[in-house]
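Chemist: Listed here are the chains, written in short residue letters.
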Amino acid sequence: MFQSASRRLGLVSRNLHKASNYGSLLHAARPLQISFARTVTDGLKDNAENKPQFDISLLEFIVCPLSKKTLRYDETTNELINDELGIAYPVIGGIPNMVPQDARLIRKDPEEKADPTKE
Amino acid sequence: MAAPLRTVTSKLLCRSSRILHARLRSQIVVSSPSCSTSVHRGYSVGSEDKSTHFGFETVPEGQKAEKVYKVFQSVAENYDVMNDAMSMGVHRLWKDSLLRIMNPQPGARLLDTAGGTGDISFRFLDYVRSQRGLQDRRAARSNQTLSWQQISDSYTSGEPDQGASRAVVCDINKEMLKVGKQRAEERGYSTGLSWVVGDAEELPIDDDQFDLYTIAFGIRNVTHIEKVLQEAYRVLKPGGRFMCLEFSKVSNPLLSSLYDAYSFQVIPVLGEIIAKDWKSYQYLVESIRRFSRPGNIQRHD
Numbered sequence: 001m002f003q004s005a006s007r008r009l010g011l012v013s014r015n016l017h018k019a020s021n022y023g024s025l026l027h028a029a030r031p032l033q034i035s036f037a038r039t040v041t042d043g044l045k046d047n048a049e050n051k052p053q054f055d056i057s058l059l060e061f062i063v064c065p066l067s068k069k070t071l072r073y074d075e076t077t078n079e080l081i082n083d084e085l086g087i088a089y090p091v092i093g094g095i096p097n098m099v100p101q102d103a104r105l106i107r108k109d110p111e112e113k114a115d116p117t118k119e
Numbered sequence: 001m002a003a004p005l006r007t008v009t010s011k012l013l014c015r016s017s018r019i020l021h022a023r024l025r026s027q028i029v030v031s032s033p034s035c036s037t038s039v040h041r042g043y044s045v046g047s048e049d050k051s052t053h054f055g056f057e058t059v060p061e062g063q064k065a066e067k068v069y070k071v072f073q074s075v076a077e078n079y080d081v082m083n084d085a086m087s088m089g090v091h092r093l094w095k096d097s098l099l100r101i102m103n104p105q106p107g108a109r110l111l112d113t114a115g116g117t118g119d120i121s122f123r124f125l126d127y128v129r130s131q132r133g134l135q136d137r138r139a140a141r142s143n144q145t146l147s148w149q150q151i152s153d154s155y156t157s158g159e160p161d162q163g164a165s166r167a168v169v170c171d172i173n174k175e176m177l178k179v180g181k182q183r184a185e186e187r188g189y190s191t192g193l194s195w196v197v198g199d200a201e202e203l204p205i206d207d208d209q210f211d212l213y214t215i216a217f218g219i220r221n222v223t224h225i226e227k228v229l230q231e232a233y234r235v236l237k238p239g240g241r242f243m244c245l246e247f248s249k250v251s252n253p254l255l256s257s258l259y260d261a262y263s264f265q266v267i268p269v270l271g272e273i274i275a276k277d278w279k280s281y282q283y284l285v286e287s288i289r290r291f292s293r294p295g296n297i298q299r300h301d
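Protein sequences appear in the order of chains A and B. For the record, in the first sequence the residue sitting at position 83 is 83 according to my numbering, with numbers rising by one throughout. For the record, in the second sequence the residue sitting at position 26 is 26 according to my numbering, with numbers rising by one throughout.
Read the hints as simulated data drawn from the structure, not as lab findings. Keep in mind that the hints are not guaranteed to be accurate.
To be clear about the criterion: a stretch of chain A counts as covered by chain B if any three or more of its residues have a C-beta under 8 Å from a C-beta of chain B, and this derived list gives those stretches [to be verified]:
| # | region |
| --- | --- |
| 1 | 62-70 |
| 2 | 95-103 |
The calculated lysine-lysine pairs, modelled on DSBU-like cross-linking and capped at a C-alpha distance of 35 Å, are [to be verified]:
| # | chain 1 | residue 1 | chain 2 | residue 2 |
| --- | --- | --- | --- | --- |
| 3 | B | K237 | A | K68 |
| 4 | A | K68 | B | K95 |
| 5 | A | K69 | B | K70 |
| 6 | B | K276 | B | K249 |
| 7 | B | K227 | B | K64 |
| 8 | A | K69 | B | K249 |
| 9 | B | K178 | A | K68 |
| 10 | A | K69 | B | K227 |
| 11 | B | K70 | B | K276 |
| 12 | A | K69 | B | K181 |
| 13 | B | K50 | A | K68 |
| 14 | B | K181 | A | K68 |
| 15 | B | K178 | A | K69 |
| 16 | A | K68 | B | K64 |
| 17 | B | K95 | A | K69 |
| 18 | A | K68 | B | K276 |
| 19 | B | K276 | A | K69 |
| 20 | B | K70 | A | K68 |
| 21 | B | K237 | A | K69 |
| 22 | B | K64 | A | K69 |
| 23 | B | K67 | A | K68 |
| 24 | A | K69 | B | K50 |
Remember, it's a predicted structure, so these values are computed and weren't measured experimentally. Backbone N, C-alpha and C fix where the C-beta goes; we use that ideal spot for every residue, glycine too.
Chain A with its partners taken away, still in its complex shape (with noise of 0.2 Å):
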């Protein structure tokens, strides 16, 4: 999903490029035209970066590195999460952080020790 994402930002800013080049030809309206092509592609590339993109298939061998279990992959928060201990790694960039001292200690619900996902 993320590739094709990132393959058609490419596209648009692909296009983008060419439409700023035609527009170099018409003298008076070229800077107008610039400087719209670049707040388009630059919007574009940060929902690109926001975006989850995680790898699921890493979770058949990463483990939280305290408890060496198996994750939970939340996507509405992209993070990590070990139900057990409470502990929520971040995913950044398409790469999680298991570096326990960056992780998120979240609360832990009463609900979810009947959680089956859990270990």
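Take the given structure of chain A and dock chain B to it, following the hints.
Modeler: Chain B alone, transformed into the frame defined by chain A:
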């Protein structure tokens, strides 16, 4: 200049190949048996108020990781350029040699610890691809004149899992991985390559997962070598191989003085010019000096 470095390489390689040829089953292979005893000792002794070395400085153990982190965070952007400048490109030959000794086959799974910007993993993927090409060509050639025996063999020995080679770059420094991931995208590596921020002393990896574990120019930067070895042992499959590439000492006194002069006079200057960071490269050469011969790993606890 190239001479002392080459001496180091050959030493390094001798050792690596010794490691490999030992091929002990389900036992971490580090040259001296005393090392494994130090593993146990490291765990029984409380390590909170111990001190360790950071280059030539002595710092509390708790501070080393952070200091090393800052070094690599600040050099990440220029890391690859600096490696080429400092070693005059020779680091590429060392890494190529490591791969030749490793000789990974299609289907192998590698955990590239302290993998930083992915040099070892990229080579691994290239090597495996070329091996697969070789195998395919060989198979194609032998398939031209098959005997009945060979045909029946080909049915029984089908290995569907051959394509699933995987390299996982694990480094504690997210800046290095960010640069590495970018490099991978530029070079078109995508399948079979993953990036994970993780501590080699506390790997976020399940037991018995990998055929190969490498730590190239990384082990001297960790605080507790014994913990790293223990973790490597845990994540390797039985019969898996642990491979460590690290700087060594130059024993010839003449070469040694040349090597010292180069290390202390030239490398920090290069660091200042290219990466605008004298201190980090000062640490680099100091840490290399502090890290003694590979056989003496157990003395560093």
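Chemist: Next step is simple, just say for each hint if it's right about the structure.
Modeler: So, going through the hints one by one against the coordinates:
1. Requiring three or more residues with a Cβ within less than 8 Å of a Cβ of chain B, the coverage given for the region 62-70 of chain A holds, as 7 such residues are present.
2. Against chain B, the region 95-103 of chain A contributes 7 residues with a C-beta closer than 8 Å to a partner C-beta. That satisfies the three-residue criterion, and the hint holds.
3. With a CA separation close to 16 Å, the supplied pair K237 of chain B and K68 of chain A stays within the 35 Å bound.
4. With a CA separation close to 31 Å, the supplied pair K68 of chain A and K95 of chain B stays within the 35 Å bound.
5. Taken as a hint, the K69 of chain A and K70 of chain B pair is honoured in the structure, with Cα atoms around 30 Å apart against an allowance of 35 Å.
6. Distance hint between K276 of chain B and K249 of chain B is fulfilled; the C-alpha atoms sit about 28 Å from each other, no more than 35 Å.
7. Taking the CA atoms of K227 of chain B and K64 of chain B, the gap is near 15 Å; set against the 35 Å cutoff, the hint holds.
8. Restraint check for K69 of chain A and K249 of chain B: not satisfied, since their Cα atoms lie roughly 41 Å apart, outside the 35 Å limit.
9. Simply put, K178 of chain B and K68 of chain A have alpha-carbon atoms about 25 Å apart, close enough for the 35 Å limit, and the pair holds.
10. Taken as a hint, the K69 of chain A and K227 of chain B pair is honoured in the structure, with Cα atoms around 19 Å apart against an allowance of 35 Å.
11. With a CA separation close to 14 Å, the supplied pair K70 of chain B and K276 of chain B stays within the 35 Å bound.
12. Distance hint between K69 of chain A and K181 of chain B is fulfilled; the C-alpha atoms sit about 26 Å from each other, no more than 35 Å.
13. Distance restraint check for K50 of chain B and K68 of chain A: the Cα-Cα separation of roughly 27 Å lies within the 35 Å cut-off, and the hinted pair is therefore satisfied.
14. For the suggested pair K181 of chain B and K68 of chain A, the alpha carbons sit about 26 Å apart, so the restraint of at most 35 Å is met.
15. Of the pairs offered as hints, the one joining K178 of chain B and K69 of chain A holds, with about 26 Å between alpha carbons and a cut-off of 35 Å not exceeded.
16. Distance check on the hinted pair: K68 of chain A and K64 of chain B sit about 25 Å apart at the alpha-carbon level, within 35 Å; holds.
17. Taking the CA atoms of K95 of chain B and K69 of chain A, the gap is about 33 Å. The hint holds against a cut of 35 Å.
18. For the suggested pair K68 of chain A and K276 of chain B, the alpha carbons sit about 40 Å apart, so the restraint of at most 35 Å is broken.
19. For the hint pairing K276 of chain B with K69 of chain A, the CA-to-CA distance comes to about 43 Å; that exceeds 35 Å, so the pair is violated.
20. Taking the CA atoms of K70 of chain B and K68 of chain A, the gap is about 27 Å. The hint holds against a cut of 35 Å.
21. The suggested pairing of K237 of chain B with K69 of chain A holds, with an alpha-carbon distance near 18 Å, which does not exceed 35 Å.
22. At roughly 28 Å between alpha-carbon atoms, K64 of chain B and K69 of chain A fall within 35 Å of each other, so this suggested pair holds.
23. At most 35 Å may separate the alpha-carbon atoms for a hinted pair to count; K67 of chain B and K68 of chain A meet this at roughly 27 Å.
24. Restraint check: the Cα-Cα separation between K69 of chain A and K50 of chain B comes to about 30 Å, which is no more than 35 Å; the hinted pair holds.
Hint compliance for this structure: hints 8, 18, 19 are broken, all remaining hints hold.
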